[in-house]
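Trainee: Residues per chain, in single letters:
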Amino acid sequence: MTMDEHLQTNGHPHSHLAERTSVTRAGAADLWLLPTEVRDVVSFRGSLETAPDLTGDDDLVQHLLADLLDKGTRRRDRFAIAEALEGRGAQLTFYPDTLRLGFAGRALRDDLPEVLALLAEQLREPLLDPDEVEKERARAVAGVRQAMESTAAQATGALKRRLFPADHPSFVRTPEAEIAGIEAISAERLRAFHAERVAADGLRIAFAGDLDPEATARTVGGLFGGWPSHGLAARFAPGAEGYVPGEDTVPIADRLNLDVRFGHPLDLRRDAPDYLALYVGNFILGGNFSARLMQTVRDEQGLTYGISSAIGDVNVEHGGYWRIGVTLSQANLARGIEATEAVVRRFVEDGITAAELEEKQPTLAGTHVVSLATTSGLAARLLVNAERGFPVEYLDRYPDLVRALTVEEVNAAIRRHFDPERLSRAVAGTLPAAVLG
Amino acid sequence: MPEPLHHAAFEFVRESGGIEEYRHRGNGLTVLLLPEAAAPVATFMVTYRVGSRNEGAGLTGATHLLEHLMFKGTERFNREAGTSIFAVLQRVGAQMNATTWYDRTNYYELLPVEHLPLAVEIEADRMRGARVSEADLASERTVVLNELDRGENEPLRKLLHAVFATAFFAHPYGHPVIGWRSDVETVTAADLRHFYDTYYWPAHATVSVLGQIDRAEALDLVDRHFGAIPAGPEQAADAPEPLTHREAVTQEPPQQGERRVIVRQAGQLGAVLCAWKAPAGLDADADALDVLDQILSGGKSSRLYRRLTDRGLTTHVSTFFPRLRDPGLFAIYAMLAPDGAHEAVEAELRAVAAEIAAEGVTPDELARARRQVVADEAFGRDGPYAVAARLNEAIAVGDWTLFTEYRSRIEAVTAEAVQAAARKVFLDDLLTVGHYVPVEGDGPGGDASPE
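Note that the protein sequences, when read in sequence, are chains A and B. So for the first sequence, numbering that gives the first Met the number 0 puts the first residue at 0; every next one is plus one. So for the second sequence, numbering that gives the first Met the number 0 puts the first residue at 0; every next one is plus one.
Please note that the accuracy of each hint is not assured.
Stated by the list, open to error - Derived coverage of chain A by chain B (criterion: at least 3 residues anywhere in the stretch with Cβ under 8 Å from a Cβ of chain B; other residues may be distant):
#, segment
1, 27-38
2, 82-94
3, 111-125
4, 248-261
5, 318-331
Said to hold, decoys possible - Here are the in silico distance ranges between beta carbons for each label pair:
#, chain 1, residue 1, chain 2, residue 2, range
6, A, D76, B, S181, 52 to 62 Å
7, B, A357, A, F78, 48 to 58 Å
8, A, D76, B, E153, 31 to 41 Å
9, B, L155, A, E340, 29 to 39 Å
10, B, D213, A, E299, 35 to 45 Å
11, B, R156, A, E240, 33 to 43 Å
12, B, S138, A, R415, 29 to 39 Å
13, B, E153, A, A17, 39 to 49 Å
14, B, D213, A, P390, 26 to 36 Å
15, B, A419, A, A17, 47 to 57 Å
16, A, A333, B, L155, 23 to 33 Å
17, A, P244, B, D363, 57 to 67 Å
18, A, E240, B, L155, 39 to 49 Å
Rather than coming from a laboratory, the hints here were simulated on the basis of the structure. Here the structure is a predicted model, which means the values were calculated and not measured. We put the beta carbon where it would ideally sit given N, CA and C, even for glycine.
Produce the complete structure using the sequences and hints provided.
Mentor: In structure tokens form, the structure reads like this:
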């Protein structure tokens, strides 16, 4: 049976996520619950909408807050939290996700209620003790300084500063501005942010694994039953008006491998009619090892270990960017940049071929099936899909939507959204003397 | 458990934890089968029991470079014919790659189960049919040199290379898996071909088939594609030349004193690495050292987190105890806080080690570590690739049942065993200390120098 036949006949019961996923409301939370055949383990992933004001420093506050949620609650100190999780072999982490506060966890089946109770406690009653805030600030500053050694982080940061206004969710501060911003955040500020913005708004949790949907929903309902909403709206720039292309370099000593990033803003949303066509078009350019960039610049020309292209940060609330990234040894910097630009230019000018589309359609369908093979992968896909406001059926229909795309649709999307003339470029590392001079 | 299969081409060897081992009657190829019904995907993996451990002077990095060339193709699957291995497999949605490590090289495909035959066919074809040509090496050598440069950008990796090179004078674990730069620059296709012709045979390989598979069909598939390959060069009528493979490699003489190394490079934050000589992966003390690894650095309740990171001395502390075929290292590494001092952090790391050797671990610590390992084991079976990755390391150490019996082995570890292992390992004479010292601006080029 070919891949196409497999998907069309739905020969396997696992093909239909929508039929197997319970979607329900429990207390203040919307839940997606998917029992699978894996034994003993459950993964979950969730988020809530904090409505940050990105015209200020709410993004930095939210980041620090996420790092502080496991440093004590009103009922237990940081070590008691760590022991409660680690004593069960469970994991629970919080992370900032631009307009949302995200969390991810895993537990053995029987420990899930206890881990969820801890999740609720950490989200609703964090201690935000001034001593812990001070330590976390120091760790965050150290993290920024470590990133200053990373050519990849510095090239991406420079590109995003060039592409986006300061109040766009994708904007990245300079390391110096970020350190100053972190150092200015007080415990009072964190407490105020938590009190105002960490609430039940947009609370969604997706579960996958060895679980009982009804019992899990009851547990969540009890923990998040009376949680009120803040009702606030986020403030941010959804687009990149005023963008002017340019070139940036970030010199870093002793880094003979350089990272280069090309990109321009994309003014489209994840629910735009031509998003999928653009996604598939980009995948043909730089989505995997057999894509044009890897085949040409690495496999044929031997200029790089890694090169790829991606559509970054686009979601239903704001636009994002088109990014091409390549890693180059100092000696190959100029040739590598030239080779990359040539492939990109030709891709946009000539578009894709029918053979390329036919090759990549089953790739994307197969990758989709493989990404749903673990509980953590399932929970992540269910959550992101829900955050976009898409029904679970979308995940089931996705291979068909990809297969239905035509060469004309893909090329029209490429021409509409990708423009080599608008690309900016950022380079980070130890630049060759000729470039420095 | 299902009954062992009766198969004309394979003999059943043993079963453990749901995994069955079969051996090909013709060429000795070891096959491991693990049927899992969780999702309609399968993983196919070939583990060659050859790694940087098998490399001699002048050929460091050969295993890894050869791993790259294995994707350049065979007579049947190649770019020129429009059938490159990546294109053919990615076309059907496969996630695939290969990795090289001290004791092994593995090639794997994770793909929709109906395409499993394609993965088996390609792996069998490149076991003996790889081109390993000068032309392919020419373009891939620069790719690997770029990979090497990327690694050299990373402070911790530079420090780890310096510490391993200082700890191992004689044994091949002393050189980085990716090799020394001058060897990568000068190795020839003939060198790599010789390496390939020595090791890429059924006698040195274990094949694993995992996922939603039919066991009998899986054995049929493996026999169909691998069955005709001779066990090794000695059995091959057309082997290019007699090749010798030595199971034993140069042994490291006993370490009889502390060693120190400093790595200077332009950078922001310092790091300290303390590494003690540790027993081989199948040694009786290795399970206790895995438990100790958890107690020292398993999460925010761990000893090292409490003693260093929570007190602001470090931003991160971790342990590293790769279970290897020959004696290796038990390492602790710490990333310094912005105003942290190397000496203070080193003293604290050594104090924690000495305390465990002197006073042992608490019942709570032991229980927590065991529980973490049990949960890790359960999550290690979430998805076919997670299983394959763990199984791969057990194969490399020399006994795949280390994967299936891991939970019961860890549950049998006592507090006394942890302390006894710590006493044997945490000795100053067995210690190599590395300091990563960031310097401002244009550094000296990142050379490692003895302190």
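Trainee: Next, verify each hint and record whether it holds.
Mentor: Evaluated hints:
Proximity of the segment 27-38 of chain A to chain B, defined as three or more residues with a beta carbon under 8 Å from a beta carbon of that chain, is established by the 4 residues found. Closer than 8 Å: that is the beta-carbon criterion, and the segment 82-94 of chain A has 7 residues meeting it against chain B, so the requirement of 3 holds. Counting residues of the segment 111-125 of chain A whose C-beta sits closer than 8 Å to any C-beta of chain B gives 0, which falls short of three, so the coverage hint is violated. For the segment 248-261 of chain A, the proposed coverage by chain B is satisfied: 6 residues have a C-beta within less than 8 Å of a C-beta in that chain, meeting the threshold of three.
Residues of the segment 318-331 of chain A with a Cβ under 8 Å from some Cβ of chain B number 5, which satisfies the need for three, so the listed coverage holds. At roughly 54 Å, the beta carbons of D76 (chain A) and S181 (chain B) sit within the given window of 52 to 62 Å. At about 23 Å, the beta-carbon gap between A357 (chain B) and F78 (chain A) misses the expected band of 48 to 58 Å. Our hint of 31 to 41 Å for D76 (chain A) and E153 (chain B) holds, since their Cβ atoms are close to 35 Å apart.
Remark: the range hint 29 to 39 Å for L155 (chain B) to E340 (chain A) is upheld by a beta-carbon distance near 33 Å. The hint said 35 to 45 Å for the Cβ distance between D213 (chain B) and E299 (chain A), and at roughly 40 Å that hint holds. The hint said 33 to 43 Å for the Cβ distance between R156 (chain B) and E240 (chain A), and at roughly 42 Å that hint holds. In this structure the hint that S138 (chain B) and R415 (chain A) lie 29 to 39 Å apart at CB holds, the actual value being about 35 Å.
Between E153 (chain B) and A17 (chain A) the beta carbon distance is about 44 Å. The supplied range of 39 to 49 Å therefore holds. Range check, D213 (chain B) to P390 (chain A): Cβ separation about 35 Å, and the 26 to 36 Å hint holds. The hinted window of 47 to 57 Å between A419 (chain B) and A17 (chain A) holds, with their beta carbons roughly 55 Å apart. In this structure the supplied range 23 to 33 Å holds for A333 (chain A) paired with L155 (chain B), their Cβ-Cβ distance being about 30 Å.
A C-beta distance of roughly 59 Å is found between P244 (chain A) and D363 (chain B), which places it inside the suggested range of 57 to 67 Å. Distance hint check: the CB atoms of E240 (chain A) and L155 (chain B) are about 41 Å apart, consistent with the given range 39 to 49 Å.
Of the hints listed earlier, those the structure fails to meet are numbers 3, 7, in rising order.
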